[in-house]
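Kindly produce the complete structure, drawing on both the sequences and the hints.
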Amino acid sequence: MNNNSMITIKNVNKTYDNLTALHDVNLDIKQGEFIALVGMSGGGKSTLLRLIAGLEKPTTGTVDINETETKSLMRVMFQEDRLLPWMSVLDNLSFGSKDKNTKAHAQELLELVELGDYVDHFPNQLSGGQKQRVALARALMSHPKILLLDEPLGALDALTRRKMQDLILDICQKQNLTTILVTHDVEEAARMADRIIVMKDSTNSYEEDCPKNRNAGQIGIVADRVLGEILEEPTLQKQTA
Amino acid sequence: MQKPIALTNNKKSIRLPVDKILPFLIPIIVILFWQVSSSLGWLSSSVLPSPMAVVQDGIKLTQSGELPKNLSISLYRATVGLLIGGGVGFILGFINGMSNTCRLLFDSSIQMFRNIPHLALIPLIILWLGINESAKISLVAIGTMFPVYINTFHGIRSVDPDLIEMGKSYELSRSQMFFKIIFPAALPQILVGIRYALGVMWTTLIVAETISASSGIGYMANNAEDFVDMETVILCIVVYAVLGKISDLVAKSFESLLLEWQNTGRSNV
Ligand SMILES: Nc1ncnc2c1ncn2[C@@H]1O[C@H](COP(=O)(O)OP(=O)(O)O)[C@@H](O)[C@H]1O
Ligand SMILES: [Mg+2]
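First to last, the protein sequences are chains A and B.
Sequential numbering of the first sequence, starting at 1086, is according to this note's numbering.
Sequential numbering of the second sequence, starting at 196, is according to this note's numbering.
The reader is advised that the hints may include incorrect statements.
[As the list claims (entries may be wrong)] Computed cross-link-like contacts, DSS-like style, restricted to lysine-lysine with a CA-CA straight-line distance of at most 27 Å:
#, chain 1, residue 1, chain 2, residue 2
1, A, K1188, B, K264
2, B, K255, A, K1156
3, A, K1188, B, K375
4, A, K1248, A, K1230
5, A, K1115, A, K1156
6, B, K447, A, K1156
7, A, K1142, B, K215
8, A, K1185, B, K375
9, B, K375, A, K1095
10, A, K1115, A, K1297
11, A, K1185, B, K363
12, A, K1297, A, K1285
13, A, K1115, B, K363
14, B, K264, A, K1230
15, B, K447, A, K1230
16, A, K1142, B, K375
[Stated by the list, open to error] Every beta carbon over 10 Å from chain A, so not counted as near; a handful from chain B, in silico:
#, residue
17, S364
18, A419
19, L438
20, L454
Think of the hints as simulated: they come from the structure by calculation, not from any bench.
Beta carbons are placed, not taken as given, at the ideal position from N, Cα and C, and that holds for glycine.
Right, dumping it as structure tokens:
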């Protein structure tokens, strides 16, 4: 473990009854790093995220968060928006915080996700993309240091998805967040992440560092190589290697 | 909720009143037909008195104070019974919904008790409590307890686990979890139970008052029957219908007030 690592995962195993969801996972995530977890469905990506979030405990091994201030340190965002349907957008953001400046801060974040005019709307009055932006704003409310994203854009159409990718990336960079994004879209991973980790057979089997300031061509190459790793297609790996 | 049926503005101004009048059309036609039949002598007043005769009877009984007195005693029994039964039902639904231990301990016994038609308890309750107020109130309470219990229980049990997990990740305390997530999520279902309980409340009270009481609308009807006072019998039935309708309206407006968010949806959700 080096000095600026934020999350340290050591020899983590997670089993449900007889099913092994995670097997001997070791991972070190640096402060400010943007990690993408990719892999086939059922590969243990969500399980790993839930362990990091503290929503579940590992069967064996340790997940260490190297921060002394643990209050509202992490926020999770899921594929479903998980907004409370009986609360207005503003109340959904203020949910769980008792700060006096909550309202102003919420308003500020809603402006940031371009929903400044929607404070009084209820979630069922918004489109899927708008709801996810509210969920993103809510996740940012408590000034988290770590943002955990479990396929947050999975249900969105391609255009909205692309805009949301840019928005998330922009926010994560500006606020220097340590981010873990679970996605089934290798293209998305290659566009957004500093480092892509492939989850296969319940463990992190492969990783790939992404070039800084990458162009569309580089994104395509990285995406193809990662996809080849996931699907174990040697031809695809050779072509793009 | 009023549905906007008109496509254009000028059509809307013509159609909206129709929307409001339509539900009353059938009752009005029935009453008119009834009145005409009575006036023309098709209906003997010993079979069915005319609406006018019933109204006159209502005015007479109101002036004598008999109707208001019986009405208020019935309302009192209904309300107190519902408050007790609904309260107990809610508390049982709450603890069984929140705690697995409580559910294992109580639920199957409650389900067994629920399968006894509560009106079958009337003889027993009269033997225990006589024909005083507590007998009628207990019957209403027993009858209204179950719908509130079942719906509170299921409402709490079927809260979206995703929302509960969300609350966990916000490190909510148990009480915050209940008040901020579980209760509001279960509220629509709880209100369904309350609305159903209101129906049970009136039915129970009518039967209880008809069988054993010395006051109340049910007693009035039963007493009128002894004197072959057809107008008062019909009047009591009408009063029950109106009371039922009013409690349903109250419940509905309560619902639309508390569940405002449900009515704001777009058509594509
Ligand atoms: N709560 C649970 N109980 C039992 N099995 C689970 C549970 N959560 C996940 N699993 C199993 O663990 C494996 C990994 O699941 P998950 O982490 O959700 O995969 P991914 O997110 O990569 O699609 C799957 O086989 C899944 O069925
Ligand atoms: Mg998953």
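Okay, the hints, checked on the actual structure:
Distance hint between K1188 (chain A) and K264 (chain B) is unfulfilled; the C-alpha atoms sit about 53 Å from each other, more than 27 Å. For the hint pairing K255 (chain B) with K1156 (chain A), the CA-to-CA distance comes to about 72 Å; that exceeds 27 Å, so the pair is violated. In summary, the hint linking K1188 (chain A) to K375 (chain B) is supported, as the alpha carbons are separated by about 18 Å, within the 27 Å threshold. About 23 Å separates the Cα atoms of K1248 (chain A) and K1230 (chain A), which keeps this hinted pair within 27 Å; it holds.
Between the alpha carbons of K1115 (chain A) and K1156 (chain A) the distance comes to roughly 19 Å, so the proposed pair stays at or under 27 Å and holds. Using a Cα cut-off of 27 Å, the hinted pair K447 (chain B) and K1156 (chain A) is violated, with the two alpha carbons roughly 43 Å apart. For the suggested pair K1142 (chain A) and K215 (chain B), the alpha carbons sit about 59 Å apart, so the restraint of at most 27 Å is broken. At roughly 19 Å between alpha-carbon atoms, K1185 (chain A) and K375 (chain B) fall within 27 Å of each other, so this suggested pair holds.
Distance check on the hinted pair: K375 (chain B) and K1095 (chain A) sit about 36 Å apart at the alpha-carbon level, beyond 27 Å; violated. Proposed proximity of K1115 (chain A) and K1297 (chain A) is supported: the alpha carbons are some 16 Å apart, at most 27 Å. The hinted pair formed by K1185 (chain A) and K363 (chain B) meets the criterion: a straight-line CA distance of about 23 Å does not exceed 27 Å. Annotation: proposed proximity of K1297 (chain A) to K1285 (chain A) holds, straight-line Cα distance about 26 Å (limit 27 Å).
Pair hint K1115 (chain A) plus K363 (chain B) holds up; C-alpha atoms about 26 Å apart against a cutoff of 27 Å. For the hint pairing K264 (chain B) with K1230 (chain A), the CA-to-CA distance comes to about 68 Å; that exceeds 27 Å, so the pair is violated. Distance hint between K447 (chain B) and K1230 (chain A) is unfulfilled; the C-alpha atoms sit about 46 Å from each other, more than 27 Å. Distance restraint check for K1142 (chain A) and K375 (chain B): the Cα-Cα separation of roughly 25 Å lies within the 27 Å cut-off, and the hinted pair is therefore satisfied.
A beta-carbon of chain A comes within 10 Å of the beta-carbon of S364 (chain B); the shortest separation is about 5 Å. Distance to chain A confirms A419 (chain B) as a non-interface residue, since its nearest Cβ pair spans about 48 Å, more than 10 Å. Listed as a non-interface residue, L438 (chain B) keeps its Cβ farther than 10 Å from every Cβ of chain A; the least gap is roughly 31 Å. Some Cβ of chain A comes within 10 Å of the Cβ of L454 (chain B); the nearest lies about 8 Å off, and the non-interface call is violated.
Checked against the numbered hints above, the structure violates hints 1, 2, 6, 7, 9, 14, 15, 17 and 20; every other hint is satisfied.
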